[in-house]
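Q: What follows is each chain in one-letter form.
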Amino acid sequence: GQQLNQSPQSMFIQEGEDVSMNCTSSSIFNTWLWYKQDPGEGPVLLIALYKAGELTSNGRLTAQFGITRKDSFLNISASIPSDVGIYFCAGTRSYNTDKLIFGTGTRLQVFP
Amino acid sequence: DAGVIQSPRHEVTEMGQEVTLRCKPISGHNSLFWYRQTMMRGLELLIYFNNNVPIDDSGMPEDRFSAKMPNASFSTLKIQPSEPRDSAVYFCASSPGLRISNTGELFFGEGSRLTVL
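Top to bottom, those sequences are chains A and B.
If you read the first sequence in my numbering, its first letter stands for residue 1, the second for the next number, and so on.
If you read the second sequence in my numbering, its first letter stands for residue 113, the second for the next number, and so on.
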């Protein structure tokens, strides 16, 4: 079953607003990744994090790997209509595995 | 460059029929993954291969599901017999290496939407 809990489940915001979403787990994860899924397509990687405390940016996106290794957040600044989609956190429990576990997803809707 | 290619994109079948989903990973990628996505359960890892060898199939729901990777450029996911609860979007993904912490990225196909009536 799912081991990563995302919040909020959905967000409805106006264009230009900042967005913040997070992902938590009761277990330690060694990597955290954030993916975005557009309707009718597969998820696409946005940001990957490999060290506790790591803060990484990709354009208007910023993500952090929590110090406890049990959480991560993703921020989107100055949202635009094409930010619409489902955002998933994902992670691996071990360094010796490709087994990527996905979170429950945050559905983002941006209104002009 | 071609990404991960899945077929069919959509399939509608009747309960009890055999379903075969196909995947061509990105050339040069060593790992291949099959995921299932539903509203209720989200994205679930069914099975993954490394260098054509199944590494972890603990996510395969039951014996009705089977997956093969006969060579580096092709994989199939088969459901026999299919049931309505198998209706979902099935994604294939590939990655360049064994460890996510080294490679950092799964490349997903566009998915195969299966409806079992």
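Just so you know, the hints here were simulated from the structure itself, not pulled from any lab data.
Take the hints with a grain of salt, since some may be wrong.
[Stated by the list, open to error] Simulated restraints on C-beta separations:
{"id": "1", "chain 1": "B", "residue 1": "R197", "chain 2": "A", "residue 2": "R107", "range": "32 to 38 Å"}
{"id": "2", "chain 1": "B", "residue 1": "V165", "chain 2": "A", "residue 2": "A78", "range": "42 to 48 Å"}
{"id": "3", "chain 1": "B", "residue 1": "R197", "chain 2": "A", "residue 2": "I80", "range": "37 to 43 Å"}
{"id": "4", "chain 1": "B", "residue 1": "R153", "chain 2": "A", "residue 2": "S20", "range": "22 to 28 Å"}
{"id": "5", "chain 1": "A", "residue 1": "P39", "chain 2": "B", "residue 2": "E174", "range": "38 to 44 Å"}
{"id": "6", "chain 1": "B", "residue 1": "T227", "chain 2": "A", "residue 2": "Q14", "range": "32 to 38 Å"}
{"id": "7", "chain 1": "A", "residue 1": "I80", "chain 2": "B", "residue 2": "E195", "range": "16 to 22 Å"}
{"id": "8", "chain 1": "A", "residue 1": "I80", "chain 2": "B", "residue 2": "T125", "range": "36 to 42 Å"}
{"id": "9", "chain 1": "A", "residue 1": "E54", "chain 2": "B", "residue 2": "P193", "range": "32 to 38 Å"}
{"id": "10", "chain 1": "B", "residue 1": "S119", "chain 2": "A", "residue 2": "D38", "range": "15 to 21 Å"}
{"id": "11", "chain 1": "A", "residue 1": "V84", "chain 2": "B", "residue 2": "E130", "range": "20 to 26 Å"}
{"id": "12", "chain 1": "A", "residue 1": "R60", "chain 2": "B", "residue 2": "R153", "range": "44 to 50 Å"}
{"id": "13", "chain 1": "A", "residue 1": "R93", "chain 2": "B", "residue 2": "S199", "range": "27 to 33 Å"}
{"id": "14", "chain 1": "B", "residue 1": "E130", "chain 2": "A", "residue 2": "R93", "range": "32 to 38 Å"}
[Unchecked claim] No farther apart than 25 Å at their CA atoms in a straight line, the calculated lysine to any residue pairs in the SDA-like style are these:
{"id": "15", "chain 1": "A", "residue 1": "K99", "chain 2": "B", "residue 2": "S119"}
{"id": "16", "chain 1": "B", "residue 1": "K136", "chain 2": "B", "residue 2": "V228"}
{"id": "17", "chain 1": "A", "residue 1": "K99", "chain 2": "B", "residue 2": "N183"}
{"id": "18", "chain 1": "A", "residue 1": "K36", "chain 2": "B", "residue 2": "N183"}
{"id": "19", "chain 1": "A", "residue 1": "K36", "chain 2": "B", "residue 2": "G171"}
{"id": "20", "chain 1": "A", "residue 1": "K99", "chain 2": "B", "residue 2": "S185"}
{"id": "21", "chain 1": "A", "residue 1": "K70", "chain 2": "B", "residue 2": "R176"}
{"id": "22", "chain 1": "A", "residue 1": "K51", "chain 2": "B", "residue 2": "E217"}
{"id": "23", "chain 1": "B", "residue 1": "K136", "chain 2": "B", "residue 2": "I167"}
{"id": "24", "chain 1": "A", "residue 1": "K99", "chain 2": "B", "residue 2": "V124"}
{"id": "25", "chain 1": "B", "residue 1": "K180", "chain 2": "A", "residue 2": "I101"}
{"id": "26", "chain 1": "A", "residue 1": "K99", "chain 2": "B", "residue 2": "E156"}
{"id": "27", "chain 1": "A", "residue 1": "K36", "chain 2": "B", "residue 2": "E222"}
{"id": "28", "chain 1": "B", "residue 1": "K136", "chain 2": "B", "residue 2": "S199"}
{"id": "29", "chain 1": "A", "residue 1": "K36", "chain 2": "B", "residue 2": "M152"}
{"id": "30", "chain 1": "A", "residue 1": "K99", "chain 2": "B", "residue 2": "R176"}
{"id": "31", "chain 1": "A", "residue 1": "K99", "chain 2": "B", "residue 2": "E126"}
{"id": "32", "chain 1": "B", "residue 1": "K136", "chain 2": "B", "residue 2": "K190"}
{"id": "33", "chain 1": "A", "residue 1": "K36", "chain 2": "B", "residue 2": "V201"}
The C-beta atom is built at its ideal place from N, Cα and C for all residues, glycine as well.
Q: All the hints need checking, so say for each whether the structure fits it.
A: Hints, one by one, checked against the model:
1. R197/B with R107/A: 32 to 38 Å: For R197/B and R107/A the Cβ distance comes to about 23 Å; the hint is violated.
2. V165/B with A78/A: 42 to 48 Å: For V165/B and A78/A the Cβ distance comes to about 46 Å; the hint holds.
3. R197/B with I80/A: 37 to 43 Å: holds (38 Å)
4. R153/B with S20/A: 22 to 28 Å: Holds: the Cβ-Cβ distance is about 26 Å, inside 22 to 28 Å.
5. P39/A with E174/B: 38 to 44 Å: 30 Å Cβ-Cβ, so the 38 to 44 Å window is violated.
6. T227/B with Q14/A: 32 to 38 Å: holds (36 Å)
7. I80/A with E195/B: 16 to 22 Å: The hinted range 16 to 22 Å is violated for I80/A and E195/B, with Cβ atoms some 42 Å apart.
8. I80/A with T125/B: 36 to 42 Å: Hint holds: Cβ distance 40 Å, inside 36 to 42 Å.
9. E54/A with P193/B: 32 to 38 Å: violated (47 Å)
10. S119/B with D38/A: 15 to 21 Å: Holds - the Cβ-Cβ distance for S119/B and D38/A, about 20 Å, lies within 15 to 21 Å.
11. V84/A with E130/B: 20 to 26 Å: Given a distance of about 37 Å, which is not inside 20 to 26 Å, the answer is violated.
12. R60/A with R153/B: 44 to 50 Å: The hint (44 to 50 Å, Cβ to Cβ) is violated, given that R60/A and R153/B are roughly 31 Å apart.
13. R93/A with S199/B: 27 to 33 Å: holds (29 Å)
14. E130/B with R93/A: 32 to 38 Å: Since E130/B and R93/A have Cβ atoms about 34 Å apart, the given range 32 to 38 Å holds.
15. K99/A with S119/B: holds (23 Å)
16. K136/B with V228/B: Judged against 25 Å, a Cα distance of about 24 Å means the pair holds.
17. K99/A with N183/B: Given pair K99/A, N183/B holds - Cα atoms ~21 Å apart, limit 25 Å.
18. K36/A with N183/B: violated (30 Å)
19. K36/A with G171/B: With a Cα-Cα distance of about 23 Å, the restraint between K36/A and G171/B holds, given a limit of 25 Å.
20. K99/A with S185/B: holds (20 Å)
21. K70/A with R176/B: Violated: K70/A and R176/B sit about 35 Å apart, past 25 Å.
22. K51/A with E217/B: holds (16 Å)
23. K136/B with I167/B: holds (18 Å)
24. K99/A with V124/B: violated (30 Å)
25. K180/B with I101/A: The hint holds at about 22 Å.
26. K99/A with E156/B: holds (10 Å)
27. K36/A with E222/B: holds (13 Å)
28. K136/B with S199/B: holds (22 Å)
29. K36/A with M152/B: Between K36/A and M152/B the Cα gap is close to 18 Å, so the pair holds against 25 Å.
30. K99/A with R176/B: holds (22 Å)
31. K99/A with E126/B: Outside the cut-off at roughly 32 Å; violated.
32. K136/B with K190/B: holds (15 Å)
33. K36/A with V201/B: Holds: K36/A and V201/B sit about 16 Å apart, inside 25 Å.
The earlier numbered hints that this structure contradicts are 1, 5, 7, 9, 11, 12, 18, 21, 24 and 31.
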